[in-house]
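Sequence lines, in order, name chains A and B.
If you read the first sequence in our numbering, its first letter stands for residue 764, the second for the next number, and so on.
If you read the second sequence in our numbering, its first letter stands for residue 764, the second for the next number, and so on.
Hints in this document: simulated from the structure, not taken from any laboratory.
There may be inaccurate statements among the hints.
One copy or any two copies: either way a pair holds, since identical chains are not told apart in the list.
[Unchecked claim] Subject to a maximum C-alpha distance of 27 Å in a straight line, what follows is the list of computed DSSO-like cross-link-like pairs (lysine-lysine):
#, residue 1, residue 2
1, Lys-855, Lys-835
2, Lys-892, Lys-836
3, Lys-892, Lys-949
4, Lys-963, Lys-855
5, Lys-909, Lys-874
6, Lys-765, Lys-957
7, Lys-928, Lys-909
8, Lys-874, Lys-949
9, Lys-836, Lys-855
10, Lys-909, Lys-957
11, Lys-872, Lys-892
12, Lys-957, Lys-836
13, Lys-765, Lys-963
14, Lys-972, Lys-765
15, Lys-836, Lys-972
16, Lys-765, Lys-909
17, Lys-949, Lys-926
18, Lys-872, Lys-909
19, Lys-855, Lys-926
20, Lys-963, Lys-928
21, Lys-926, Lys-957
22, Lys-872, Lys-972
23, Lys-928, Lys-949
24, Lys-963, Lys-909
Number of protein chains: 2
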Amino acid sequence: MKTIDVCLTPELLHLYSLNDKTVVVVDILRATSCMVTAFAHGAERIIPIANQEECNQMRLRGYITSGERDGKKVAGFDKGNSPFEYMGTEVKGKKIAFTTTNGTLAIEKSKQAREIIIGSFLNLSSVTKHLLFSHNNILVVCAGWKGKINLEDSLFAGALVEKLKNHIEQDCDSPLVAQHLYNLAKDNMVDFLKGSSHVKRLNRLSIEKDIEFCLTPDQYTVVPRLVNNELLC
Amino acid sequence: MKTIDVCLTPELLHLYSLNDKTVVVVDILRATSCMVTAFAHGAERIIPIANQEECNQMRLRGYITSGERDGKKVAGFDKGNSPFEYMGTEVKGKKIAFTTTNGTLAIEKSKQAREIIIGSFLNLSSVTKHLLFSHNNILVVCAGWKGKINLEDSLFAGALVEKLKNHIEQDCDSPLVAQHLYNLAKDNMVDFLKGSSHVKRLNRLSIEKDIEFCLTPDQYTVVPRLVNNELLC
Chain A
764 MKTIDVCLTP ELLHLYSLND KTVVVVDILR ATSCMVTAFA HGAERIIPIA
814 NQEECNQMRL RGYITSGERD GKKVAGFDKG NSPFEYMGTE VKGKKIAFTT
864 TNGTLAIEKS KQAREIIIGS FLNLSSVTKH LLFSHNNILV VCAGWKGKIN
914 LEDSLFAGAL VEKLKNHIEQ DCDSPLVAQH LYNLAKDNMV DFLKGSSHVK
964 RLNRLSIEKD IEFCLTPDQY TVVPRLVNNE LLC
Chain B
764 MKTIDVCLTP ELLHLYSLND KTVVVVDILR ATSCMVTAFA HGAERIIPIA
814 NQEECNQMRL RGYITSGERD GKKVAGFDKG NSPFEYMGTE VKGKKIAFTT
864 TNGTLAIEKS KQAREIIIGS FLNLSSVTKH LLFSHNNILV VCAGWKGKIN
914 LEDSLFAGAL VEKLKNHIEQ DCDSPLVAQH LYNLAKDNMV DFLKGSSHVK
964 RLNRLSIEKD IEFCLTPDQY TVVPRLVNNE LLC
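Using the sequences provided together with the hints, build the complete structure.
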């Protein structure tokens with residue numbers, strides 16, 4: 764039977780073997796939620812980039828610049844980190860260079876994996892289906908917050924574990940922890956997350972609407988996948 | 764207000780500042796449970812040692828040798844890692860050199876802290892009281908399993924967070940995660956832990972009695988404390 768494991772922060776990635784895995788990178792608030800939204804609205808490709816300078820240079824090659832640091836839009840960039848900026852004609856047919864505090868770093872650090880896909884609540888069922896049909900073992904890589912774990916990414920990992928539980932064996936205790944948390948939270952995730960440090964941080968930025976949207980399952984069916992350092996759909 | 768944070772594995776310790784903290788090191792199955800039991804039964808001192816060779820050398824200085832690797836007693840050592848080996852005349856007045864897979868490493872890595880104490884369910888209330896009376900911020904350091912998180916140490920961290928919640932502010936999401944888990948598990952921790960990887964590993968070693976004992980709160984009132992690289996009470 765295939766296995767599923769959960770790496771609760773990229774700081775622990777060195778403990779996991781990646782070369783037999785499909786890695787699901789998740790940064791619910793808000794990088795991977797934005798990426799999924801952009802592809803659902805027709806973005807052509809997204810290049811995830813760990814540093815701001817490189818991101819700026821991609822402008823010369825026809826890319827929109829996107830991203831945040833500490834939850835806020837980078838000065839001079841075209842777009843920030845709200846999924847509502849990645850809808851409609853804003854992104855249709857566009858190429859996007861994307862940098863964030865945690866999410867793009869998680870992708871960068873996972874590059875040894877056999878396959879990397881992008882997960883969020885917005886495409887939860889499609890990601891689940893993709894994992895069911897693949898032969899690879901699974902590792903969910905939570906982007907966390909500056910190396911530490913966070914609640915929202917752990918909940919998404921738990922949602923995947925819960926949905927796959929009858930088909931896939933768990934490795935170690937992290938999947939179990941995530942699954943317990945998800946089952947505790949699933950009936951009202953917005954309320955459950957109100958105590959979390961990241962949501963408190965984001966509430967100071969007045970983005971309640973973003974949070975609610977990012978926690979809504981199955982808005983989209985796209986499953987973005989890393990091919991030669993770029994995300995495609 | 765003082766703060767409490769939880770480091771779910773020693774692999775994440777570099778993310779935390781230690782010099783203003785009381786660190787509570789916890790390795791429920793079974794290093795810190797053994798240490799607390801030994802002091803409650805009159806052990807004079809315990810020197811935690813990360814490697815087996817050094818542990819053996821302490822024999823020449825009048826120490827009992829104790830510890831495990833991968834859950835099993837080290838060949839040639841006087842004692843293994845069951846709390847029942849650390850009771851009565853077996854340990855009274857004795858000096859113990861102790862090495863384990865995860866617990867002693869967690870102590871070693873925490874040495875920059877202002878204070879290090881030893882926690883387990885067996886001395887939960889006494890540890891709680893000690894933390895309430897201290898002026899230091901608090902960091903619970905879970906020993907985990909070979910760098911990964913484990914359920915039982917996370918539960919103990921959650922128990923401390925729950926008991927201190929009205930007096931001490933939480934830092935980040937790890938305390939919140941631990942607290943949720945503990946509240947979910949507290950009415951029947953033995954059953955709750957049956958799905959955990961470590962308990963499955965230990966069950967193969969037939970130590971159900973150890974597990975039940977290690978999960979029983981408040982058997983003892985001792986609070987072991989690291990002084991010049993040795994634990995005293």
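Against which earlier hints does the structure fall short, listed by number upward? Checked against the structure, the hints that fail are numbers 2, 4, 8, 14, 19, 22, while the rest are satisfied.
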